[in-house]
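Student: Sequence:
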Amino acid sequence: MSLALSRIRISKFSELCTVLKMVIALHHVNVTVPTELEAAAKEFYGSVLGLKQVPKPAAARPIGAWYQIGGNQLHLSVEDKVDGALSSRHVCFTVSDLDGAEKRFRAAGVEIIPDPRPIPGSPRFYVRDPGGNQLEIVQALA
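Residue 41 in this note's numbering sits at position 41 of the sequence shown; the count goes up by one each step and never skips.
Each statement offered as a hint is correct.
With beta-carbon atoms standing in for the labels, derived distance ranges:
(1) H28 - P118: 24 to 32 Å
(2) A60 - D115: 33 to 41 Å
(3) A58 - R104: 27 to 35 Å
(4) A58 - D115: 35 to 43 Å
(5) L26 - A58: 23 to 31 Å
(6) I119 - E36: 35 to 43 Å
(7) H28 - S87: 16 to 24 Å
(8) V29 - D80: 18 to 26 Å
(9) E79 - I113: 18 to 26 Å
Hints are computed from structural coordinates only; laboratory data are not their basis. Virtual Cβ for every residue (Gly too), placed ideally from N, Cα, C.
Construct all of the structure, not just a fragment, from the sequences and the given hints.
Tutor: Have a look at this one:
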């Protein structure tokens, strides 16, 4: 599909969503890790990132975890076979202290991935969770 055609389709989808008032909020983001990395991923999201784990509904699968972030959630799914080749797709977290966040990641042995395309006025870096999911860490703007 050509870039021009992609832009037209995205534009039409955006117009449709606006007209229908279809999307009103982001409820959750889901990241997936292999079964053998479940404990490491829970440690990463709960202890390193400091996210608050919340109870899952009784009907939900007992593995994985859900975390509350303000009015949104991050769902950690666990699968036997994960086909998640490393890519630039990512979840972005805003932090109040970017330098402090970097120190915390480094202390936990997490590799810091420098920003490949810095945006003036928006300091950020990237990390990967134990399952290889990329996370963008960005400084909250004053």
